[in-house]
Each structure stands twice: as C-alpha cells, then as structure tokens.
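Colleague: Position chain C against the provided structure of chain G, taking the given hints into account.
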Amino acid sequence: MTPLDATDRAILNRMQDDLPLTAHPYADVAAQLGITEDDLLERLARMKDERVITRFGPFFDAAAMGGAFCLCAMAVPEEDFETVLTKVNAHAEVAHNYERTHRLNMWFVLATETPEGIGACADAIERETGVQVLRFPKLQEFFIGFRVAA
Amino acid sequence: MKIDSTDRRIIEALQGGLPLVPAPYAHVAAQIGMPEPDLMARIGSMKARGVIRRIAAAPNHYKLGMTANGMTVWDVEDARIAELGAQVGALPYVTHCYERPRALPDWPYNLFAMVHGDSREEVEEKRAEIRALLGAALRGCDILYSTRILKKTGLRLRQKG
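First to last, the protein sequences are chains G and C. Residues in the first sequence are numbered consecutively from 1, following this note's numbering. Residues in the second sequence are numbered consecutively from 151, following this note's numbering.
If we strip away everything but chain G, and leave its shape as in the complex, we get:
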C-alpha cells in the first residue's frame, strides 16, 4: 500500500462527511481542499483500489426506508459454536457477525425491511438454536466519525 501523505489524510477526513449534492461534487470538495479535481479523483480511486476506503457512496438507513436494524448477542456454548454459527448466518437478515471476547460471544446485526422482521428473525434463531437472542436496538446515536491525524 502507498503510504498516505498529508493530502490523502485531508481527503480521508473530508470525505467521511457528506458530499455536496451538486452536478460536480468532487470539483467542489477539491476546491475546499485546495487541490485539483483530477488529483482528488485519482487519489480516491487509488485509496479505493488499495482498500483504504472500503466504499464510497450513500449510507442508507434501513429504518427510514421502513425497515430496521438491531444489534443482537448470544452466549453460545463453545462446543456448539460452529453449529449455531451456521444456523445464524443462514439468515439473510444477518448483516455482520463477530465473535467477541465475552460470555456473550456472538454479536450480529439484523437488517430487515420491516420493524416486525427483527423480532421474527431473532425468535426464529432462538427456536433453531435453543439459545436466547438478546436484542440491543439503538435508542440514540452519537455520531461524529473516525478521524486520522492530518
């Protein structure tokens, strides 16, 4: 990976905030950063190719589309972990799933197209695995974003 220079870092920080909704948004951001549009686009393409940026585009909110997200956790006995994992991941609603260092060792996010879908999917996982699914829907978000040292 190409080491990030000061311009890359400034771009990375700026591009985590909303892009202006204009016909030439990259030219607008480039002007704010004091670089050319070509330079900005080349650097963005390079950082995307090198997976420094995993994705550039709209962040959708499933809840605003009428759907829902919910963080869930399960305390899965070690000997059953792989069996339970297969059953959990088989649900298309399971978007991310992480193993974590805790008695609650399986943490996943359900994303569904209706709010009712969350309970239905979590209940189905409980039935299929015999393990309780704790549900942690977000009540309030405190978002600022990640910043690299510029």
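Careful, some of the hints might be misleading.
Unchecked claim - Below 16 Å or equal to it, Euclidean Cα-Cα: the simulated EDC-like pairs (lysine to aspartate or glutamate) are:
1. Lys213(C) - Glu50(G)
2. Lys197(C) - Asp18(G)
3. Lys302(C) - Glu99(G)
4. Lys197(C) - Asp157(C)
5. Lys152(C) - Asp61(G)
6. Lys197(C) - Asp17(G)
7. Lys197(C) - Asp61(G)
8. Lys301(C) - Glu99(G)
9. Lys87(G) - Glu126(G)
Hints were generated in silico from the structure; no laboratory data involved.
Modeller: Showing chain C alone in chain G's frame:
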C-alpha cells in the same frame, strides 16, 4: 410508503457506490435512464427523509493501522447519557457510539462505543480516557474485542418492487 419503486431503482444503482467521475449523477442517470436533475432531486428528497444519511467514504480501519478495535460498553446514569454520550461520540478515535437498552441481569450497559487503536494497549489507554470523562456518572464498564469476523455483508435489498 417510505420508498417507492423509483427510489428503489436508485438505491439499487447506488448500492455499489457513487462513481468516481467528474459528473457522477449524470453518469448514474444515464445508466438508469432518468434525467440528471430528476435523479438529483430524488436523492435530495431521500436525504431529507433520512433514507440516505450521507454520501461519504467508509474507511478501512485495519488498512489505516488501526488493527485493534474494542467495543467498549458502559453503564451510565440515564439522566446524563445524552450529554455524556455526545462527548464520547465526539472523541476522534470513537466510531459507532450508541445508547442501547440494558438487558438485565445479563447486561447492565447502556452506552456502546467502538474504540480504534494500533494496539490493544492504545485501546486500553483510550478506554481509560473515556472512564475519566464519564466520572461519577459511571457505574460499570467492560470491553469486548472481536476475535473473528463471522460474516460481513452490506445492506442488500430483496429483488422486488
């Protein structure tokens, strides 16, 4: 109805990302056979309705050297969570900061904050800073490190409508 079939068509076209070309909306508009101003108006409406939260980059923390990531969890006095949550969320190394319901008796924590660092020691130092910030409103805390990614897919709309 929160999104209609036109919104859905636009979402499908943008799921993979916004093109890195000088006129990205003209490019997408041509792909889906819609005039550029109409597409931009629709995107503006979806932003106003909160369907699109922002158009932005998702950084890869691992590639940026932030290879240690801990989910810090805190039991904070309910009366002070809005004020303190905002302060924790504003820390530069914190992402995904949320108030969530407790699940007693198993889970007493109501504030979740992902902390990124280049080592677990750095994550622990940052965690100590958060502990100090929460002060007397803090009743308990823990940290969970991820040991394995078991699945990771983005939002995928079902093919319908």
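Colleague: Take the hints in turn and mark each one as holding or not.
Modeller: Hints, verified against the model:
This hinted pair checks out: Lys213(C) and Glu50(G) have alpha carbons roughly 9 Å apart, not beyond 16 Å. Simply put, Lys197(C) and Asp18(G) have alpha-carbon atoms about 10 Å apart, close enough for the 16 Å limit, and the pair holds. Restraint check for Lys302(C) and Glu99(G): satisfied, since their Cα atoms lie roughly 12 Å apart, inside the 16 Å limit. For the hint linking Lys197(C) to Asp157(C), the alpha-carbon distance of about 11 Å falls within 16 Å, and the restraint holds.
Restraint check for Lys152(C) and Asp61(G): satisfied, since their Cα atoms lie roughly 11 Å apart, inside the 16 Å limit. As the CA atoms of Lys197(C) and Asp17(G) are separated by approximately 14 Å, the hinted pair is consistent with the 16 Å bound. The suggested pairing of Lys197(C) with Asp61(G) holds, with an alpha-carbon distance near 10 Å, which does not exceed 16 Å. Using a Cα cut-off of 16 Å, the hinted pair Lys301(C) and Glu99(G) holds, with the two alpha carbons roughly 10 Å apart.
A C-alpha spacing of about 10 Å is found between Lys87(G) and Glu126(G), which places the hinted pair at or below 16 Å, so the restraint holds.
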